[in-house]
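Peer 1: Top line first, the protein sequences correspond to chains A and B.
Numbering that gives the first Met the number 0 numbers the first residue of the first sequence as 0 and each following residue consecutively.
Numbering that gives the first Met the number 0 numbers the first residue of the second sequence as 0 and each following residue consecutively.
Each hint should be verified, as a subset may be incorrect.
[Stated by the list, open to error] If you anchor each label on the Cβ, the simulated ranges turn out as follows:
no., chain 1, residue 1, chain 2, residue 2, range
1, B, K274, A, N73, 44 to 54 Å
2, B, D213, A, S155, 23 to 33 Å
3, A, D65, B, N163, 42 to 52 Å
4, B, P253, A, I160, 50 to 60 Å
Everything labelled a hint here was simulated from the structure, so no lab data went into it.
We put the beta carbon where it would ideally sit given N, CA and C, even for glycine.
Spelled out, the chains give:
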Amino acid sequence: MKRWFLIALLVFPTLAMDMLSGDPKDTHKTVKALFVYQFATLVDWPKEFKKGDFIIGVYGESPLYDELTNKYSNRSVGSQAIKIRSFQSYNSITPCHILVVAPEVSDKVADLAKKFKSSSTLIVSEKEGKLKEGAVISFVIKDNKQSYELSKSNASKSKLIIGSKLENLAARVE
Amino acid sequence: MLISGSTAFAQGPVAERALQAYQGNEWDKAARIIDSASVASGEAADPFTWHLRGFIYKDIYKIAQKENRNSTARAIAIESFYKSNELDKAGDFTQRNNGSIRSLVISYFNDAVRLMDTTNYMESEKFYLEYKRQMKRFAPATDFMKSDVEYYNAFATILVKKFNRMEKGADVFFNKAIEVYQKVIELDSNNCLAHYQIGILYYNKGVEILLNLDPTTPLEEIIKSQEICVELFQKSKPHMYKAWELQNCKDINPLEIAEGLSGIHYQLNEPDKFKYWEDLKKKLQEGEDK
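Okay, chain B solo, but in the shape it has when bound:
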């Protein structure tokens, strides 16, 4: 039931008819009636009218439209609950209104999660931003740092997948992935995963360039390609070191970070540092084997 005992509250005749239609699962009819009540002079000032309108549209979104994420019913439901709160001087509906607002706001977040794949990722961000906008209104003190970090780490992971799968135009995804990971680091400078991922992205790109050079590449291009790669490996290095210093990556084994550092120094032709990390790698490996 929407509100147990809701009919105990005095309500106008239009809202009464809307309630009956709603209870009979006639959502479209209920919506038409409640919309007329929400502009009727007497009932428009009644918090119950808006409270009921919120539930009618919430059910349209959830049931009649099967949680169609582009349904406008969700936004109408939220606005109706806010309006009800505004008129609810006696506090009869506010608690339930807020419960519904919260669940609808969270549904934007969940849509963003569901859309986080290589096909729908751009639409995902739209829903994440809408979630933030709505949550700021509902709970202005909300700290989004943690969810932003998680969201953009996931978003960048998708971009990396796109980058790895595509041959032509993949640089767009490479650059965007770096940009998004940098955004994560701006939010949380000690985010180990983002540092590690940036390190790997630059490293892999450099190695890939070298391994894919045409065997007949002219001398000047070999030299130029190496310059580009050294720049990539140098960019990789501070991020991989930072990931190592942090040592708090829940998803990354320290052995993998040591392997990254060993690889970077190898590519930079720094034999002493390469040896240091190779030795450390072996020690870590022995520790794992025990």
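With the rest of the complex left out, here is chain A:
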């Protein structure tokens, strides 16, 4: 008859998961870029700015520039092709439809608001609390989420008309 060996218990494999590969911080720029594109579609520019390319500028060092370039360079706002520009110095900035101001240069918001008032530039500050200095939109954090606040009066000074959806979904409107 047969020999029997004691059967040993095998061991279950368990593996610890990894966090998603890549930089976990990317989501902030992703969400901000989504907002910027929506600002482009939900704000009405004066007629003379509805022709040619739709320029989105980024002033200062911001990961938003790469994100916007990667995801929106081949898109359009209405019939206007989107072009993304990076400005590293104050003097190099040329008129844009939207100018995103990086946090490190946010002290220039007041100057920029004056400089580009007649070119209907929608100034978007990445740093919060910049409406009083002339930004039309400031990014803010509300309830752990990225949101924005907007100034209708600053928009009006630049002859920009804020769409009702953009206004209704803002964290704060002044």
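Position chain B relative to chain A; hints supplied.
Peer 2: The following block gives chain B in isolation, referenced to the frame of chain A:
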């Protein structure tokens, strides 16, 4: 040999014939004969008849059927050994019967381990539950907490693999993985691996939602998606903190837990806490580099 000197025990003529067939490796024939002995009036009350029947069916399962996990021979073998024990007033067979029962019960557990892959994982649970059922009968005092924790941690790992590989319907695996890890935590509230895994599952899901939003996602959907993600990150947080407090994960480096906490606070837009964990991460990293 099945039982050295087994023929020294008095046995009925039918069992004798079955034994001869068994010793000649004629398992089917041996089974037919022993089955008739197990219902024969005289030999059915003999513990040797059942003892022999157990070994015949055990060999059918192990050798003739090459450990086919769905073979009914294994269960018949176990039942036969129990019956032999019941009749074995003199204690001639019980020790060997029990050795065989134990090895057969463990074979259910091992089948569960072998089936623990992304294809057969559902069948694995069937064998694990059968192992538990049989072991409770064989050794009622057995504490299954440790093996349950190991089993369900492994089971959830498979579900996570399914979740990571699938595009459509992956939420089913995500939800099931969470459910199974929660089960582990119910069994062992200090199970570091399960806490860490739940933390990572929620975190990764939130990040994935945000990274995969269509560039033209409407404003209200951006806001709604963020709400969903904040909820996921908030669910992730207590589990990752618990994993950190426990500091006993044999499979997880504390640096990875610190990285998880740093990531969660980043996603929740909590800069002070994010900085705290980033600084701690750097210290841990420096310690590793030395």
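Peer 1: Hints first: check each against the structure and report whether it holds.
Peer 2: Now the hints, each set against the structure:
| no. | hint | result |
| --- | --- | --- |
| 1 | B:K274 <-> A:N73: 44 to 54 Å | violated (37 Å) |
| 2 | B:D213 <-> A:S155: 23 to 33 Å | holds (32 Å) |
| 3 | A:D65 <-> B:N163: 42 to 52 Å | violated (27 Å) |
| 4 | B:P253 <-> A:I160: 50 to 60 Å | holds (54 Å) |
In this structure, the earlier hints numbered 1, 3 are contradicted, and the remaining ones agree with it.
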